[in-house]
Structure formats: C-alpha cells, structure tokens
Amino acid sequence: MTTLPLDPLTRKKIHRFRSIKRGYYSAIFLAAAILLSFGAELFVNSRALIVRYEGRFHFPTYGSILPGTTFGLDYRYETKYRELKRKFKAEGRGNWVLLPPAPYNAYENDLTEGIYPPTAPDAGSGHWLGTDSTGRDVLARLVYGFRTAIVFSILLLLCNYTIGVTIGCAMGYFGGKFDLFFQRIIEIWANVPFLYIIIIVASIMIPNFFTLMMIMLFFGWIQMTWYMRTATYKQKSREYVLAARAMGASDPYIIFQHIIPNTISIIVTFMPFSISSGVVVLTSLDYLGFGLPAPTPSWGELLRQGTSNLDALWIVSSVVVSMILLLTMVTFVGEAVREAFDPKKHTVYE
Amino acid sequence: MKRILSLIVAAALTGIACSKKAEEAPKAEPGSERTAAAGIYKDGLDELFKHPKLARADALPKGIQWLTNDSDPVFASPNAKKGGTYYTYMDSFPLTLRTVGPDSNGSFRSFLFDNQMDLLHIHPETGNLTPGLATHWATNKEQNTLYLKLDERARWSDGVPVSAYDVAFSLKFYLSKEIVAPWYNTQYGEEYDTITVFDDHTVAIKSVNKRNLQDLVYYATMEIRPRHFHEKLLDKDWVKNTNWMIEPNTGPYQISKIEKGKFVTFARKKDWWAKDLKYFKNRFNTDFTKVTVIRDPNVVFEHFKKGMIDALPLVIPEYWHNKATGEPFDKGYIEKVWFYHQRPQPIYGVYFNQDVEILKDKDVRIGISHALNIDKVLKTVLRGDYVRMETNTLGHGAMDNKTIKGRRFDLAKADAHFKKAGWAERGPDGIRVKNGKRLSLRVTYGYATHADRLVILKEEAKKAGLELTLQKLDGAASFKAMLEKQHEIAYTGWGAQDRMQYWGQYHSDNAHKTQTNNFGNVDDKVLDPWLVAYKDEFDLKKKAELAHKIQQRIHDEAYTVTLWAAPYIRFGHWRWMRFPDPVASMRSKDATTYPFDGDWGGVFWIDEDIKKETQAAMKAGKGFPPVTLIDTRHKRG
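Chains as they are written, first to last, in the numbering used here: chain A, 1 to 350; chain B, 351 to 987.
A portion of the hints provided could be inaccurate.
[Stated by the list, open to error] From the structure, some residues in chain B lie toward chain A, with a derived Cβ separation under 8 Å:
| id | residue |
| --- | --- |
| 1 | D408 |
| 2 | P411 |
| 3 | G413 |
| 4 | D779 |
| 5 | K784 |
| 6 | K808 |
| 7 | Q821 |
Hints listed in this document are in silico derivations from the structure and should not be mistaken for laboratory results.
All C-beta atoms in this analysis are idealised placements derived from N, C-alpha and C, irrespective of residue type, glycine included.
From just these sequences and the hints, can you work out the full model?
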C-alpha cells in the first residue's frame with residue numbers, strides 16, 4: 001500500500017487535482033511566483049543586470065558591490081546604476097547599462113528634495129507601485145516581502161510538521177502513558193498565550209528571521225499532533241498493520257512505511273492552509289511591530305504604513321490586493337488538494 | 351517646582367483606582383470653617399507649627415529689599431471679548447480629580463494644576479518674574495531664602511482668603527505620607543529647609559540649596575493648597591476620599607460639570623479676584639471650557655474638521671502638510687498658525703557607548719558623526735520643518751553655546767577619520783573592515799514612528815562604509831536596555847528641561863554602571879570638574895560659561911551627535927477663535943493646549959459674531975480667504 005510516485009492511485013489523485021481547474025492554475029501560478037521570487041534580484045533591483053564599460057562587461061547583480069570607481073566615478077561606495085545609465089547615455093561613448101524592469105531595491109530611499117514621500121505610482125521614474133513614506137519602492141518591498149513571507153511559512157511548515165507528525169504518530173502508535181503524558185503537555189502548551197509571548201520576546205531582543213521562526217515553532221507544532229494521533233490510532237488497528245507486526249516488522253518501520261503513507265492525505269490537505277496561516281501570522285506580527293526588525297521588507301510593515309497613510313492609496317491597495325490574491329490562490333490549491341485526496345473517492349472500506 | 355513636575359512622567363504603579371462611584375462630584379463641605387469664609391482661616395495653627403519644617407517669627411530680618419514687577423508690557427489683547435465656550439479634548443478621562451497621589455499624573459492634571467495660581471509667574475515675553483499669589487518677593491544675602499508677600503486680595507474659590515498659613519500647610523501636605531506621593535515626599539524633603547510665617551501674608555521659604563533668584567523661584571515654590579479644605583481630610587483615607595472632590599482653587603476657572611468618562615466642563619469665575627490685575631486683564635475670556643474625551647487621534651482630527659473642537663496642535667509634518675488641507679482650510683474656516691519660539695527643546699541624539707571597543711576611538715566617533723546624513727532626514731521625511739540641533743541644548747538662552755556647529759554629512763571627512771582609526775579597508779559589501787572585523791554597529795531605539803528617519807541614516811551611512819543595524823524595542827524596553835548599557839549606539843530623546851543638567855549624563859561617577867543616564871559611559875577627567883562646578887554654581891554668568899565649556903568638550907570629543915528639534919508651536923484653529931498679537935509666546939506653553947496656564951494661558955477669545963458668520967457661510971458654501979500665519983520673529987539660524 002505504499003505510495004510510489006507513479007502508483008495508479010497517485011496518478012488518479014494527480015488527475016483529479018488537475019481536473020479542478022482553479023486549484024490547478026493557482027498552483028501553477030503560485031509555484032511560478034515562488035520560483036521567480038528567488039530570482040527577484042534579476043527583476044527588481046537597484047543593481048544593473050549588465051554594464052558595458054570601456055569594452056568590458058560587468059554583471060553586478062550578484063556578489064560583491066562594485067564601487068563607483070570601477071566605472072570612473074569619484075566615489076567608493078556602491079555605484080548608483082540609474083545615474084550611471086543616464087551618464088553613459090549622455091556621453092554616447094558606447095558604454096551602456098541594462099537595468100532590471102524595476103530599478104530599485106527594497107531598502108534604498110529614493111528621495112528628491114522638494115518632493116515628499118510617499119509618491120504616487122509613476123512609470124517614468126520606475127516606481128511602478130509608487131513609494132512608501134520613506135521613499136522606498138513599494139513594488140520592491142512587496143516582492144522581497146513576499147519572498148520572506150513565503151520562505152518563512154514553508155520552512156515553518158516543514159519544521160512544524162516534522163515535529164507534529166512525529167509526536168502525533170508516536171502518541172497514536174504507542175498509546176498508553178506516553179499518549180497521556182503528551183496529551184497533558186499539549187493541553188498546557190496550547191493554553192500559553194502565543195501573542196503575548198511574542199510581544200514579550202520582541203520587546204527584549206531583536207527577533208530575527210530564525211528567532212521568530214523558533215518562537216512560532218514552539219507553539220505551532222501542536223496543531224498537527226491531534227490529527228496525526230487520531231489518524232494513527234485508526235490505522236494502527238487496521239489489518240495490514242497487524243500483519244506487518246505479525247511478520248516481525250519494527251515500530252519505526254511500521255510507522256514510516258505503513259502508517260505515515262496512509263495518513264499522507266491529512267498532511268497534504270492541511271499544508272496549503274498552514275502556508276497561508278504562516279503568511280498571515282508573520283504579516284500581522286509585522287503589522288503590530290513585533291515581527292522582523294526594520295527595515296526588513298515585509299507585507300505587515302507595508303500594511304501598517306498603508307493604514308496610517310490612507311491618502312497614499314497605492315501603498316495599502318497594493319499590499320491588500322497581493323494579500324487577497326495570495327490567500328485566495330492558496331485556498332483554491334488547498335481545496336483542490338482536499339478534493340484530490342478525499343479518501344471517499346479512492347478507498348473502499350471493508 | 352510645579353514646572354519640574356510637568357516634565358516628570360512617573361510610572362503610576364500605585365495600584366487600581368478607587369472604584370467608588372460618584373455621579374456628582376461632592377462639593378467641599380468645610381463644616382465649621384464656613385464661618386471663616388469672610389476671614390482668614392486660623393483654626394489649629396498651633397498644631398500646624400509643630401511640624402519640624404514650619405516656624406513662626408515676629409519680625410522680618412533687616413535689610414530685605416522687596417521686589418515687584420508692574421512695569422513689563424501687557425501682552426493680552428484689549429480687543430478680547432468675554433463669552434462663548436472653548437471646546438477642547440483629552441485622550442482619556444482622568445482617574446481622579448486629585449493632582450497629587452496615585453493615578454493623578456495624567457494629561458488632564460494640567461487643567462487642574464493651572465487653575466491653582468503660582469506664587470510667582472514668568473512674563474511670557476521678557477522672562478521676568480511677575481506677581482501671582484505673591485505681589486512682592488526678595489532673597490537674602492545667602493541666596494537660600496525666598497521672602498514673599500502674598501496678595502491680600504487673593505481668594506480661594508469658596509471665598510476664603512489665601513494666607514501665609516496655606517503656604518506653610520502646603521509643605522506639610524507635600525511631606526505627609528497620607529498623600530501617597532513618594533516623589534513629593536523625597537523631592538520636597540530634600541529641597542525645603544523651613545517655611546517661616548511672619549504674619550498673615552508674609553512668609554519666607556528657605557531652601558537647603560544656595561540658588562540664584564530665578565532658580566530659587568523655580569525649585570522652591572510650590573503649588574499652594576487650601577488648608578481649610580485639606581487639613582481635616584488629611585488622614586489615611588485622604589487619597590480615597592478626595593478622589594472626586596473639587597478642591598477650592600485660586601485660578602480663573604473651576605469645574606462646573608462632570609460626566610464621568612465623557613467630559614469635564616470648567617466655568618469662568620465671574621468675580622475672580624485677579625481678573626483686573628495688570629497681567630491677568632483681558633485673559634481667560636471664555637465663559638466655559640469643555641474638555642471632551644476623544645480617544646483616537648484620527649477621530650480627534652475629524653472632530654476638529656467639523657468644528658466640534660476649536661483648536662488642534664499640528665506639530666507633526668504629516669498633519670500640517672497632508673492632513674490639514676482640504677475644504678475647511680482652503681475656504682478659510684480653519685486658520686493655521688506656525689510660531690517659532692525659544693522654549694527649551696527635547697534633546698534627540700545618538701549616544702556612543704564607549705564601553706564598546708570600536709567606539710572608544712574618538713576618530714571613529716567623529717567618523718560616524720560625519721557619516722550620519724541628518725540634513726537629508728530634515729529635508730525629506732521631516733519636510734524641512736525641523737532644524738538641526740547643533741549642540742546638546744537649545745532654547746536655554748545664554749546657556750546655549752551658539753558657536754558650536756554640529757558635524758555635517760561629509761564622506762571625505764568621515765573617510766579621513768575612519769582611516770586614521772585604522773578602518774581603511776572595505777569588504778566585499780562596501781563596509782569597512784579592520785582585522786577581519788566589520789564596522790557594524792547596532793542602534794537601539796524605542797520610537798516606532800522614528801523608523802523612517804533611521805532607515806535614511808542607515809542607508810546613507812553605507813556610503814561611508816559604516817553599517818548600522820537597527821534594533822527597535824518598545825519604549826520602556828529600549829530605555830531599560832540603555833540604562834543597563836546593553837546598547838552600542840543609543841538613539842533616544844530626553845524631555846525638554848527647564849534647567850539643563852549635565853552631571854547625570856556625562857560624569858564619570860555614572861559611567862560603567864547600570865541604571866544611570868550616562869548612556870555614553872563618558873569617563874572624562876577633563877569634563878568631570880566642570881560638571882560638578884556647573885551643578886553647584888549659582889551665578890548665572892559663571893554657570894553659562896561652564897555650560898559653554900561643557901558643550902564644547904562634548905562636541906570636540908564627539909560623545910554624542912545631536913539630531914533635530916522642532917522649535918515652534920503649530921496649530922490650527924477655527925476662525926472664530928481670536929488671538930492677541932503675537933499669537934503665541936516665545937517662552938511659554940501653547941495656549942490652545944494649556945488654556946489655563948498662568949503665564950500665557952487664556953489669551954484667546956471666542957468671537958460669537960464671527961462664529962455665527964462662519965456657520966452661515968458654511969451652510970451657504972461661501973468661503974473666506976485662507977489664512978496661514980507663519981511667525982519667524984524668534985526663529986534662529
């Protein structure tokens with residue numbers, strides 16, 4: 001009964017998943033967005049993609065900074081490529097700069113004297129979604145914020161599920177005192193006010209990406225244990241487990257080879273919702289000011305700026321629209337996964 | 351002393367407010383004292399003078415030269431009209447109507463405080479002392495005693511005359527344990543030596559410290575309390591019993607109506623004893639002042655735009671430039687005022703913790719000073735409204751060393767100083783390195799709203815090869831981290847002080863230990879003696895010289911970088927609210943926020959005719975020419 005990649009049941013599930021169009025396309029779109037966000041430096045960045053200077057090519061996107069002196073400028077800090085482009089164009093000596101479509105990074109303040117941020121979207125300046133209240137590009141912050149949020153929630157999900165599934169399975173499988181003990185632990189754990197803990201921790205130290213994840217992990221693993229415990233109890237009493245045991249299979253073998261593959265539908269069904277809740281939690285913490293430290297680009301921080309600058313509608317609308325799109329698509333995917341893995345469609349209970 | 355109080359934000363850890371329900375605040379019932387209403391209250395004087403810090407004497411020492419002031423210019427407008435109601439707001443309802451004791455330290459307290467007149471006031475233009483409850487004053491040769499002659503006309507709101515016994519009683523009151531106010535107990539205990547009463551209206555306040563006259567008045571005068579009201583109440587239940595009592599006062603207004611959780615209304619005393627005195631005439635004009643609770647700042651603004659409150663401070667650039675625009679402003683219903691004053695400013699600065707190895711080097715500190723692009727912050731997110739704070743005082747007149755100019759953003763100079771300190775190399779990310787260590791420093795701060803300023807400093811500092819990482823903690827936690835010296839660079843603001851103090855922040859006694867304000871761990875043997883001398887000096891000229899030397903040294907050694915200040919008041923007001931010329935005072939508080947302030951409060955008036963005219967125009971959709979008054983007479987630089 002193991003689920004091998006191409007076993008007929010899996011194929012059936014994939015087929016079913018594909019047939020739910022909106023979930024399928026959402027999945028493709030999301031996967032593409034996540035993949036693209038890993039290469040965000042190529043699309044949204046203040047560093048140029050290619051610089052042609054005095055017959056030589058430079059590719060500044062990745063790696064060390066290239067100080068202004070590299071291109072015959074009089075400063076030693078990082079080259080301002082947008083200015084460089086204008087300069088080369090004006091000189092007309094065959095040097096050229098190729099900038100990404102959105103030529104700003106998420107940190108720099110594009111401030112001109114006399115013009116006060118936030119500034120409205122303007123294709124001419126390259127601020128496709130305008131700037132925030134310190135003159136940073138909203139699109140850049142949105143894209144890099146997305147990457148942070150999605151990586152955060154995927155990593156969080158992996159850690160949560162590893163712990164949750166292991167403990168939940170163990171509880172269900174071993175039962176008895178072990179089960180009782182962990183049930184009590186979890187009940188106590190679940191009653192610790194999670195938000196307060198975060199607030200307390202955030203006020204005494206800078207929560208960085210990993211500490212924040214550790215704190216959330218501290219409380220996040222609980223949810224899966226209950227489901228896994230129940231599912232394991234159910235599977236444990238099935239004949240194939242008894243058969244395996246009669247044949248002398250070890251406990252870990254039974255858990256990993258028999259029980260987990262048969263409860264995979266639960267795990268997979270919960271995944272998209274866990275991802276969206278991860279994004280939501282991170283965003284709301286950032287919104288409240290207890291999340292990632294400034295100036296890390298984040299949706300929550302954008303949302304906060306947006307709500308306090310309602311007259312700068314482009315800030316709040318871009319983050320709200322992105323948020324709605326992301327969460328809707330994740331929900332579609334989740335819905336399709338649930339349908340595809342619905343045991344009633346494939347399994348016949350004796 | 352009252353002025354010091356308003357600066358101190360004490361954490362009210364004194365427990366939960368008494369939940370006694372009092373639908374209507376009970377009127378003071380002084381019982382047998384009522385008979386004394388016509389005359390000075392003299393019951394139980396022998397008991398009063400048993401207090402170790404109170405004394406009686408028959409004759410004044412010889413050679414006292416009484417001073418008074420009736421020659422300074424009048425600043426209130428003769429055009430002021432009496433009548434109308436001034437509508438203003440508070441962000442939460444007070445937990446008590448007491449002005450001392452638990453839970454009394456809220457923002458509403460100033461409304462009550464200011465209606466207790468000071469013994470002496472300060473002229474809002476000249477800065478000289480002017481009469482308050484006292485008409486004449488003097489000091490002795492030793493410069494430690496203030497002699498006062500009280501105004502015989504002064505009356506409490508219940509008609510009882512104000513007397514020297516009230517002054518004496520006030521000290522006993524502030525030192526008593528029953529008021530549950532430890533700050534007063536210690537502070538007044540350390541400041542006041544004795545109060546001596548000579549007759550019904552003459553009193554001497556002796557300080558423990560030797561001070562010049564202005565300082566003596568500043569430190570050694572207090573809010574006078576009505577003895578006939580408090581003496582009988584002053585027992586272990588005083589805090590509970592007086593929670594919602596209306597204390598008799600000497601100022602222009604008294605509470606007339608309270609609806610708990612909603613509003614407090616003050617009514618003008620029609621026969622206020624000081625109403626025709628030179629410096630009080632044509633002031634305190636509105637018949638009523640209604641203070642309504644509005645909890646959310648955005649809602650406050652909406653109320654203001656609808657004319658439900660008459661005036662609103664607009665100091666924050668975003669308010670002035672963005673929010674305060676649109677119909678009521680363009681059509682001239684609301685007028686805007688921007689008035690530069692010369693009041694002491696809060697000090698915003700970055701403090702280099704010199705216990706951090708990198709920051710021990712003076713050249714690094716100077717390098718960082720040149721790597722902070724403060725001008726860019728001023729010109730961009732602060733919209734050019736704020737000014738650069740050149741040194742660590744502003745608004746203290748002669749005490750400010752005006753020759754110092756703060757270090758400007760200058761990559762060449764930063765580079766030179768960093769190089770001198772051995773930070774010549776730059777790593778692959780453009781940040782300087784020395785022996786494998788990056789020039790990266792953590793900036794600890796506690797103001798979420800200042801994040802936009804800091805990210806600009808951070809981004810610009812990269813150009814100089816300096817990395818600043820920002821550590822945002824919540825307000826209390828950041829202050830705690832700094833007190834414990836856990837910061838590398840502290841970004842913080844110190845509340846405006848009427849009298850600049852340096853010892854706490856710069857003396858070596860406070861360095862390398864926790865729970866002190868020496869955030870830089872400054873340990874400078876050159877500076878130390880000056881700091882001590884400054885603290886003890888009472889001659890204003892010598893004190894100023896020392897202050898200049900101290901400021902120069904702090905600048906030369908780059909112990910701190912001071913950032914910016916907003917040396918102005920800015921507000922909007924409906925056009926029916928009228929002001930004298932000038933609309934504000936260069937040295938006093940804003941009258942719209944502190945309408946009862948003794949020095950400058952109550953100078954405005956509500957013109958009912960203009961109000962009707964404006965309301966009719968609004969109905970008809972008609973407008974008036976928009977008014978924005980910018981007064982730069984007292985602007986510096």
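Now the hints, each set against the structure:
With a least beta-carbon distance of about 61 Å to chain A, the hint placing B/D408 at the interface is violated under the 8 Å criterion. The beta carbon of B/P411 is not positioned within 8 Å of any beta carbon in chain A (closest approach about 57 Å), and the interface hint is therefore violated. At its closest, the beta carbon of B/G413 sits 60 Å from a beta carbon of chain A; the interface hint therefore is violated under the 8 Å criterion. For B/D779, the suggested interface contact is upheld, since its CB lies about 6 Å from the closest CB of chain A, less than 8 Å.
Taken as an interface hint, B/K784 does not check out: its beta carbon lies about 16 Å from the nearest beta carbon of chain A, beyond 8 Å. Below 8 Å, beta-carbon pairs count as interface contacts, and B/K808 has one with chain A at about 7 Å; its hint therefore holds. Using the Cβ-Cβ criterion of 8 Å, the hint placing B/Q821 at the interface with chain A is satisfied: the shortest such distance is roughly 5 Å.
Violated hints for the displayed structure, listed by number in ascending order: 1, 2, 3, 5.
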